[in-house]
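**Q** Please put together the full structure from these sequences, using the hints given.
There are 2 protein chains.
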Amino acid sequence: MQRVVIVGGGFAGLSAARGLARERNVEITLIDERNYHLFQPLLYQVAMAVLSPAEIAAPIRSLVSGNPRTSVLRQRVVGVDLKERRVHSEKDSHEYDYLILACGVRHTYFGNDQWEPHAPGLKTVEQALEIRRRVLDAFEEAETEHDAARQRALLTFVVVGGGPTGVELAGALGEISRHTLARDFRRIDPMQARVILIEAAPRILASFSEQSSSHAMRDLESLGVQVWTQSHVRRIDLNGVEVGNERIEAKTVLWAAGVRGPDLNQTLGIELDHQGRAVVNPDLSLPDHPEVFVAGDQSHVTGPDGNPLPGIAPVAMQQGHYLAKRVRKAIRGAPCPNFAYRDKGRMATIGRSRAVAEIASVRFAGRPAWWVWLVVHIYYLIGFKNRLVVILQWAGAFVRFSRGARLIVDKDWQFYPMENVDAPDQNARDASDEQSKPSAPREGGNPSRNP
Amino acid sequence: MQRVVIVGGGFAGLSAARGLARERNVEITLIDERNYHLFQPLLYQVAMAVLSPAEIAAPIRSLVSGNPRTSVLRQRVVGVDLKERRVHSEKDSHEYDYLILACGVRHTYFGNDQWEPHAPGLKTVEQALEIRRRVLDAFEEAETEHDAARQRALLTFVVVGGGPTGVELAGALGEISRHTLARDFRRIDPMQARVILIEAAPRILASFSEQSSSHAMRDLESLGVQVWTQSHVRRIDLNGVEVGNERIEAKTVLWAAGVRGPDLNQTLGIELDHQGRAVVNPDLSLPDHPEVFVAGDQSHVTGPDGNPLPGIAPVAMQQGHYLAKRVRKAIRGAPCPNFAYRDKGRMATIGRSRAVAEIASVRFAGRPAWWVWLVVHIYYLIGFKNRLVVILQWAGAFVRFSRGARLIVDKDWQFYPMENVDAPDQNARDASDEQSKPSAPREGGNPSRNP
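First to last, the sequence lines map onto chains A and B. Position in the first sequence (from 1) plus 28 gives the number in our numbering. Position in the second sequence (from 1) plus 28 gives the number in our numbering.
In case anyone wonders, no lab produced these hints; they're calculated from the structure. Glycine included, every Cβ here is placed at the ideal spot set by N, Cα and C. The reader is advised that the hints may include incorrect statements.
Label-pair ranges, simulated between beta-carbon atoms [unchecked claim]:
1. A:D311 / B:E249: 52 to 62 Å
2. B:H174 / A:N140: 35 to 45 Å
3. A:I406 / B:R50: 50 to 60 Å
4. B:E112 / A:R262: 18 to 28 Å
5. B:D265 / A:S235: 50 to 60 Å
6. B:R50 / A:Q254: 39 to 49 Å
7. A:Q254 / B:R211: 47 to 57 Å
8. A:K119 / B:Q303: 42 to 52 Å
9. B:E249 / A:I406: 39 to 49 Å
10. B:Q303 / A:A177: 44 to 54 Å
11. A:Y407 / B:D217: 32 to 42 Å
12. A:K111 / B:G139: 25 to 35 Å
Stretch-level coverage of chain B by chain A, calculated; a stretch enters the list once three of its residues show a Cβ under 8 Å from a Cβ in chain A [to be verified]:
13. 162–173
14. 211–220
15. 304–314
**A** In structure tokens form, the structure reads like this:
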């Protein structure tokens with residue numbers, strides 16, 4: 029029995045685990061600190077109040093429960109002993125014959141980590157919910173704000189980073205203010221909200237063609253988004269952003285620029301690129317460790333054009349599939365060709381029925397691209413139920429510009445998290461008072477009619 | 029122009045606001061500290077990982093946006109000056125000609141508030157998500173726990189309180205362990221999980237008939253739930269519950285017993301009952317203040333049988349409708365009959381296709397009652413989209429025992445909440461380190477195929 033340990037239940041890790049499921053003499057241990065697989069490409073829709081987290085995520089263990097030889101552990105991996113061939117988690121350690129690392133990346137603030145509290149990034153469900161809370165909060169606060177300057181700052185939204193995520197966030201913010209909230213407020217006019225997208229490069233969507241990026245730019249501007257290219261963020265604080273010599277007073281700043289490899293990479297004593305990603309062999313194995321592979325964002329793989337492969341879902345999935353094959357062959361002692369990435373192109377959506385797509389040499393824009401985007405994403409979204417639910421939410425968003433998830437859920441709960449149960453020091457954190465929630469009682473069923 | 033201020037966007041407040049919307053010369057200000065109306069009767073399904081919060085909640089302002097004379101403010105009301113006829117919120121104050129208070133209730137631990145962190149109640153979305161997190165966490169922790177005693181404690185769930193909420197929670201917990209998770213774990217057997225429902229009274233569902241309550245009891249036991257009646261909780265701590273002279277080692281304890289009026293009631297200098305609810309006249313007005321009304325759970329209204337009306341959604345809705353009429357007539361100086369509650373009966377559901385219902389003198393149980401329950405709740409659930417989405421989720425839960433929302437979302441985010449932006453003291457709270465989330469990258473669209 030060969031023990032394969034996979035760290036990370038993202039696209040790469042999950043694809044590898046599924047690809048190895050059929051292998052009789054392989055015992056898989058899939059370790060992730062979350063209990064769910066997240067469909068990251070739609071995470072911005074959670075942040076923009078269209079979808080609920082559960083609609084783009086599914087429990088990892090139910091995704092692999094079909095295979096009795098696969099066990100899923102929700103643990104945080106803290107280190108790997110490459111010599112002893114052991115993975116160390118916070119409470120456990122696991123021996124392996126083959127190891128697949130696919131931990132993804134986190135945001136980097138280019139040495140300005142003090143910006144993070146003021147400009148959350150969009151990698152986790154928690155971050156998405158935090159962004160949603162801040163955006164909706166800002167409008168609510170503005171409605172009850174009497175000071176004009178403060179009100180204007182509350183209605184100013186800055187997105188840093190003109191990649192696909194930044195473009196999608198900015199476009200959605202434009203839509204929310206122009207359409208979704210247009211009729212809901214009495215004292216403010218959401219249409220007066222300013223949305224500013226800041227990009228350091230000469231153009232947004234740098235990974236796309238000139239045409240696509242200028243098309244996206246026009247689409248954004250038609251949604252009222254100001255696009256500032258060749259602009260460098262000098263400072264982000266509680267109340268705004270400094271860009272070049274200008275200062276923008278903004279209560280809501282979102283970060284969509286720059287990622288860096290997981291801290292785990294630092295502990296491995298291996299070669300890392302300047303972004304902290306693991307430099308691997310063409311077969312995704314670590315130099316001197318043919319039994320250890322790094323996949324997805326966590327790894328630096330050189331593409332045919334000499335540049336590293338982009339950190340996108342397709343790369344991660346293809347690498348996961350490849351590693352399943354790679355390990356199967358290795359077990360049989362059979363040779364395996366190197367990993368080759370099949371580029372399926374790229375897409376970015378800019379709000380309702382606007383998008384840019386480049387598939388092979390074909391370029392779409394506008395509504396056709398949006399439909400392609402829609403179909404592709406629904407198709408790949410995991411879980412039949414999720415797909416249906418998401419289609420419904422999108423139908424609502426498309427037809428009525430409605431947003432199904434406009435809830436502001438407080439981040440401060442008064443309970444101690446389970447994890448802290450044995451950590452009294454953390455329990456010392458002062459719990460905020462419960463507030464008597466205005467709401468209907470619930471001590472019996474049978475609610476009566478609503479007018 | 030008559031100024032009507034409504035505090036609370038629950039069933040009572042929302043019904044009143046809608047009922048007054050047609051009134052030309054009325055200006056309505058609806059104040060709630062949340063931005064959403066919550067369909068409380070289904071909140072336990074959020075806690076039990078079937079639904080997402082957004083599926084049973086909708087933004088208050090979009091629910092009343094049709095009426096230009098209604099403005100919604102998301103503020104926390106801290107006091108009322110009955111003489112000056114002013115409502116004071118944290119940042120504002122609002123004059124009124126008529127005031128409707130409908131703030132709901134909160135849980136009470138009968139003088140043992142130190143139990144709260146160990147046994148969360150189920151009144152708010154935050155609490156529901158916290159309960160969901162704890163329940164799913166317990167199974168995950170148990171899977172990686174090596175100590176048998178601790179593992180058993182992790183797989184023991186105690187629900188305190190045998191009312192409808194407690195019964196529904198216990199039934200759902202039984203189902204989760206017996207069906208939903210049955211095949212997902214390798215090291216533990218979820219079916220070994222113990223679910224214990226504790227009730228001080230001689231029988232559960234005391235507000236129902238003997239037959240219904242014994243039927244519910246049998247249903248619960250068929251789901252593996254142990255029902256302990258006439259049992260008194262002496263102590264709840266981090267690791268378990270003391271009931272009478274017995275101690276149950278349990279990592280998850282849920283509180284569904286006892287509510288008390290909002291703190292606001294204490295500040296009004298009015299008569300309160302022993303539960304802290306405002307004792308009002310038969311027309312829901314405050315003694316000596318015919319222009320101030322208290323509705324929903326917050327008020328104590330004596331029913332035809334001499335007992336106070338139960339704290340359930342139908343009462344709150346009917347009172348809201350009544351108050352709309354009452355205020356309209358008052359403005360015209362016309363007399364208005366007292367509030368009369370039309371009892372539509374009661375329902376409680378015990379997991380999939382099990383329920384008890386008492387409508388008029390008719391008693392249902394089992395599958396028929398469950399279908400009645402299902403239809404009634406879908407029918408009253410606000411918002412077309414929500415209804416469809418919920419039906420889908422339930423279809424999945426019914427057919428496959430699946431649970432659409434099995435996500436463990438961390439409660440500790442590293443960002444400071446918007447509200448705290450101007451409260452540096454709160455910002456002092458140490459932010460937990462971000463952890464590099466294992467997940468697929470998201471810097472481009474077009475995810476490729478999933479195996």
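**Q** Run every hint past the structure and note whether it holds.
**A** Against the structure, the hints come out as follows:
1. A:D311 / B:E249: 52 to 62 Å: Once the Cβ atoms are compared, 57 Å apart, the range 52 to 62 Å for E249 (chain B) and D311 (chain A) holds.
2. B:H174 / A:N140: 35 to 45 Å: With Cβ atoms ~42 Å apart, the hint holds.
3. A:I406 / B:R50: 50 to 60 Å: Hint violated: Cβ distance 41 Å, outside 50 to 60 Å.
4. B:E112 / A:R262: 18 to 28 Å: 49 Å, violated
5. B:D265 / A:S235: 50 to 60 Å: 55 Å, holds
6. B:R50 / A:Q254: 39 to 49 Å: 42 Å, holds
7. A:Q254 / B:R211: 47 to 57 Å: For Q254 (chain A) and R211 (chain B) the Cβ distance comes to about 52 Å; the hint holds.
8. A:K119 / B:Q303: 42 to 52 Å: 44 Å, holds
9. B:E249 / A:I406: 39 to 49 Å: 43 Å, holds
10. B:Q303 / A:A177: 44 to 54 Å: For A177 (chain A) against Q303 (chain B), whose Cβ atoms are near 46 Å apart, the range 44 to 54 Å holds.
11. A:Y407 / B:D217: 32 to 42 Å: 36 Å, holds
12. A:K111 / B:G139: 25 to 35 Å: 59 Å, violated
13. 162–173: n = 8 at 8 Å, threshold three: holds.
14. 211–220: Held - the segment 211–220 of chain B has 5 residues with a Cβ nearer than 8 Å to chain A, which meets the minimum of three.
15. 304–314: violated (count 0)
When each numbered hint is compared with the structure, violations occur for hints 3, 4, 12 and 15.
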